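Chains B and V are the protein sequences, given in the same order.
The numbering used here applies: residue 1 is where the first sequence begins, and numbers increase by one.
The numbering used here applies: residue 1 is where the second sequence begins, and numbers increase by one.
Check before you lean on any hint, since a few could be wrong.
As a list, the in silico BS3-like pairs of lysine-lysine whose alpha-carbon atoms are at most 27 Å apart [claimed, not checked]:
(1) Lys70/B to Lys53/B
(2) Lys3/B to Lys71/B
(3) Lys58/V to Lys68/V
(4) Lys53/B to Lys18/B
(5) Lys37/V to Lys57/B
(6) Lys18/B to Lys55/B
(7) Lys57/V to Lys71/B
(8) Lys3/B to Lys53/B
(9) Lys18/B to Lys70/B
(10) Lys57/V to Lys42/V
(11) Lys58/V to Lys37/V
(12) Lys68/V to Lys22/V
(13) Lys37/V to Lys3/B
(14) Lys57/V to Lys68/V
(15) Lys18/B to Lys71/B
(16) Lys42/V to Lys57/B
(17) Lys13/B to Lys22/V
(18) Lys3/B to Lys42/V
In short, the hints are calculated from the structure, not lab data.
These numbers were taken from a predicted model, which means no experiment stands behind them.
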Amino acid sequence: DVKVTQSSRYLVKRTGEKVFLECVQDMDHENMFWYRQDPGLGLRLIYFSYDVKMKEKGDIPEGYSVSREKKERFSLILESASTNQTSMYLCASSSPSGRGTDTQYFGPGTRLTVL
Amino acid sequence: GENVEQHPSTLSVQEGDSAVIKCTYSDSASNYFPWYKQELGKRPQLIIDIRSNVGEKKDQRIAVTLNKTAKHFSLHITETQPEDSAVYFCAASIGSTLGRLYFGRGTQLTVWP
Numbered sequence: 001d002v003k004v005t006q007s008s009r010y011l012v013k014r015t016g017e018k019v020f021l022e023c024v025q026d027m028d029h030e031n032m033f034w035y036r037q038d039p040g041l042g043l044r045l046i047y048f049s050y051d052v053k054m055k056e057k058g059d060i061p062e063g064y065s066v067s068r069e070k071k072e073r074f075s076l077i078l079e080s081a082s083t084n085q086t087s088m089y090l091c092a093s094s095s096p097s098g099r100g101t102d103t104q105y106f107g108p109g110t111r112l113t114v115l
Numbered sequence: 001g002e003n004v005e006q007h008p009s010t011l012s013v014q015e016g017d018s019a020v021i022k023c024t025y026s027d028s029a030s031n032y033f034p035w036y037k038q039e040l041g042k043r044p045q046l047i048i049d050i051r052s053n054v055g056e057k058k059d060q061r062i063a064v065t066l067n068k069t070a071k072h073f074s075l076h077i078t079e080t081q082p083e084d085s086a087v088y089f090c091a092a093s094i095g096s097t098l099g100r101l102y103f104g105r106g107t108q109l110t111v112w113p
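Given only the sequences and the hints, what does the whole structure look like? Please build it.
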């Protein structure tokens, strides 16, 4: 069974703090993704990675960066947290089938509140 | 890039009735269309998917239909039950090996007993 874990379920930070959200998957998946989920806006892709040290911007990368030093771990970094980054953050991973029919497996999410 | 629109945003049905959620996509190169279900407080999980070479796929009470010409696809749930209450997301993929999915904004389905 695929397991995707995230470092925290709930996180409260102050404006201006540097925030690290970590995601780990145990299925040797090549692809990993970071989304934020807000009511009425669905799942918006922030960044994704298709290999170690490789990354691609999603639809809303501003204010975020990512790091993938090891295949199983994908970190989302908020360099200077702001209140408009208060959200639910979901990590996902998938293994490329070569046909683009890849199931994404999601982590449980991190509810981040920036005060 | 691809743009996926999903309707309705909320849907309420009586237990036993059918529910239909519709999505449209913009990129004719899209060839894979999964549906994810997210129960309250839980993570999204794949419930059914369809590829562009198939017009319909069924799995027990859920089915998905695809109209490539019109670029829309739909999720059909029959004999709804309270446990079907959740947010449903449609998505589309252009078949890239990078595995990126383009999600709709979601439909909150509520099934009343």
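Structure-based check of each hint:
1. The hinted pair formed by Lys70/B and Lys53/B meets the criterion: a straight-line CA distance of about 8 Å does not exceed 27 Å.
2. Between Lys3/B and Lys71/B, the direct Cα distance comes to roughly 14 Å. Compliance with the 27 Å bound is thereby established for this hinted pair.
3. With a C-alpha separation of about 18 Å, the suggested pairing of Lys58/V with Lys68/V holds against the 27 Å cut-off.
4. Simply put, Lys53/B and Lys18/B have alpha-carbon atoms about 21 Å apart, close enough for the 27 Å limit, and the pair holds.
5. As the CA atoms of Lys37/V and Lys57/B are separated by approximately 25 Å, the hinted pair is consistent with the 27 Å bound.
6. The straight-line distance between the Cα atoms of Lys18/B and Lys55/B is roughly 20 Å, inside the 27 Å bound, and the hint therefore holds.
7. Between Lys57/V and Lys71/B, the direct Cα distance comes to roughly 34 Å. Violation of the 27 Å bound is thereby established for this hinted pair.
8. Only pairs whose Cα atoms come within 27 Å are accepted, and Lys3/B paired with Lys53/B is accepted, the gap being roughly 22 Å.
9. Taking the CA atoms of Lys18/B and Lys70/B, the gap is near 21 Å; set against the 27 Å cutoff, the hint holds.
10. In summary, the hint linking Lys57/V to Lys42/V is supported, as the alpha carbons are separated by about 26 Å, within the 27 Å threshold.
11. Distance check on the hinted pair: Lys58/V and Lys37/V sit about 16 Å apart at the alpha-carbon level, within 27 Å; holds.
12. Among the hinted pairs, Lys68/V with Lys22/V is consistent with the structure: their alpha-carbon atoms are about 13 Å apart, no more than 27 Å.
13. Simply put, Lys37/V and Lys3/B have alpha-carbon atoms about 17 Å apart, close enough for the 27 Å limit, and the pair holds.
14. For a cut-off of 27 Å, the pair hint linking Lys57/V to Lys68/V stands: about 14 Å separates their Cα positions.
15. For the hint linking Lys18/B to Lys71/B, the alpha-carbon distance of about 23 Å falls within 27 Å, and the restraint holds.
16. For the suggested pair Lys42/V and Lys57/B, the alpha carbons sit about 26 Å apart, so the restraint of at most 27 Å is met.
17. Among the hinted pairs, Lys13/B with Lys22/V is inconsistent with the structure: their alpha-carbon atoms are about 38 Å apart, more than 27 Å.
18. Taking the CA atoms of Lys3/B and Lys42/V, the gap is about 14 Å. The hint holds against a cut of 27 Å.
Checked against the numbered hints listed earlier, the structure breaks hints 7 and 17; every other hint is satisfied.
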